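Dock the two chains into a complex; use the hints.
Quick note, the sequences are listed as chains A and B, same order. Using the working numbering, read the first sequence as starting at 31 and increasing by one per residue. Using the working numbering, read the second sequence as starting at 134 and increasing by one per residue.
Simulated from the structure, these hints should not be mistaken for laboratory data. Please note: incorrect hints may appear among the correct ones.
[To be verified] PhoX-like, lysine-lysine: derived pairs with alpha carbons at most 25 Å apart: (1) Lys328/B to Lys369/B; (2) Lys135/B to Lys34/A; (3) Lys73/A to Lys135/B.
The structure displayed is predicted, hence computed values, not measured ones.
Listed here are the chains, written in short residue letters.
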Amino acid sequence: MNEKTFMRLLAAIVVLGVAATLIHLAYAVYAYQHCSIIYFIAKELW
Amino acid sequence: MKRRQILTLVSAVLFFALFNVSMYFVLTRRLSNNFSSATQAQMVDVGSYLPHNEASDLPDIDTGLMLEGELPVLDGAAALVPVYAAVIDTVYPEGCVTFEGGEFSSDNYYGENFAPDSKMQYRNTVRGYQAVVDGTADILFCAAPSEDQKAYAEDRDVELVYVPVGREAFVFFVNSNNPVTGLTTAQVRDIYAGKITDWSEVGGARRAINPVTRLEGSGSQTAMNAFMGDVPIGPKSPFAITGGAIGFSFRYYMDGIVENDGVRMLELNGVYPDADNIRSGDYPIIAEFYAIYRADNDNPNIPVVIDWLLSDDGQRLIEECGYVSVR
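Isolated chain B (complex conformation) (with noise of 0.2 Å):
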């Protein structure tokens, strides 16, 4: 064989060996899915909030209340999980929430296997709205809907009612090694717009942005779309995504669900986002989440638990775990 020979098939094969192994280092080693249940955790660890399990990591409230009759189902988004789930710990009648099979698993596609029946469900946000439209879930627990999931209840005549019963700071966050420590709101929009593209523009390092999105429909994506307001959100070079991130979601998921130390919230105008500059109302992007259920739901508890909710004792439940009150 000649040298010329092998020194070709050598290179071949180093160029593909070099491209793919890059390509791991930058990428693919970080895409820890959430259709795996070994990462579902990234999402939130249900598990850890199972109601009237002592186990559980849920605030422990007195009060008067306690259901009795036609329960609702409540179901949430993973950043709510802790608070509906505290709802039913509270105020809802042990063997309330139930498995398939008659034990918690977080094996199946999406991570949990609450039975048809039980009074707890988790289906996310997309998912969520979808369930309290057609009736499977009866109070769901979410950021404000996006337009399509709007236009899903309009589409088949169902009027929701949106009842605020806590507040949320939405949070920008960067890699904890990220040197920029805070952003305007003016910048963070120049930045999803497309118009700043360097972290250097903005006092940090000497490196592309990449500005992440979630998937539409989602509680975060829904807010951003409302944070950008008529600016649209710019396309990015494809070489952004070796460059370093910013990306959003509601506080107390980062900080009290996920706490993942390799992340950092950013200030956003001087502030940080922590609870008495959102009780302040200092912290610039406060979003409510709502109880939201059916105007023709005819359960008698759900007026009960949203009365509930909006006591002294619910907005206390509230505040324990974690969120702020809206009163």
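Chain A with its partners taken away, still in its complex shape (with noise of 0.2 Å):
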């Protein structure tokens, strides 16, 4: 592969993945203004 078209794999790879982490953020945003909290602290890692 050369260089070229390894720098545009990985702009590809940066840039889904950064999209998927966005619309991840924005759903945990938008569902934590509506969860409830006790669900919420009931289902903490301890």
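Pasting the structure below:
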């Protein structure tokens, strides 16, 4: 793989990863504002 | 492909995958939401408290009162659904609770399909206060109003009457695996003020504290603001979300309605929030809940319902619903 192709592939992975993470974060923020805090605390990992 | 390139690409994929999987286990999987019908039970399973339904989990109170004529529309907070549903079950005639489409369903956005002419509604605290001010509910069963809710009524020149009909403990709770079993009221204020940030400072494990708050205007957040008094709720570190959480609610909502074994109520100043300690006044944070109506509402059955709630039979209903009477 030449360097140009590699950089394009890397850029695509980063863009997709960032997009997926931002969507995940946006969902988490929205869901956190509407969630049951009893359930939220009950599901905590100890 | 060079080995360095492969390692870089795999590392990039793993970085995003690990970050999102970690976020899922720490946060996302715990977010059970009230906008899904499948999780409405986390607020209150209204279907278990439908009046005039043999399968309902409502107390059976013998009383000499049966309302006739113009029946007040009752509405209220999630934690008080059992109370006002029991009032309807006891003193309202059958057929006064109706549903869109004829059958009860909990599939809509807010979970229930009470018809507009039904004498039982369930809008919870925030929308319930608006409903009693706007006149779409006649009596609201709720905790004390927030400043915004008082202002909402004042801005519309509406005077509300607040009649205390029962008492309840305002409680703090943690995950049932959290080794801390009790706090002092001063420690709780310091936690929410941001002065105490780790459970090890109050005798617990070495782990950050995540002090959880509620929707502004909800009954429990209003009670929390009153508990904090002049002490402002402080900002918390964004990393606190990975810590051990502390939350607040009303005792019977936790203990009698939701009944989630994954959480445990805390002793406050060494006193556990049970009915005996509320009745005796030993538990330090006791809140009254109210039957609230517009002063200019001329429905003749409103004073009848209020007087009945304060009678021996009405107060017995409050007790049998799991709350503590005011008398």
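To see whether the hints hold, each was checked on the structure:
1. Between the alpha carbons of Lys328/B and Lys369/B the distance comes to roughly 10 Å, so the proposed pair stays at or under 25 Å and holds.
2. Of the supplied pair hints, the one linking Lys135/B and Lys34/A holds, its CA atoms being roughly 13 Å apart against a limit of 25 Å.
3. Of the pairs offered as hints, the one joining Lys73/A and Lys135/B is violated, with about 44 Å between alpha carbons and a cut-off of 25 Å exceeded.
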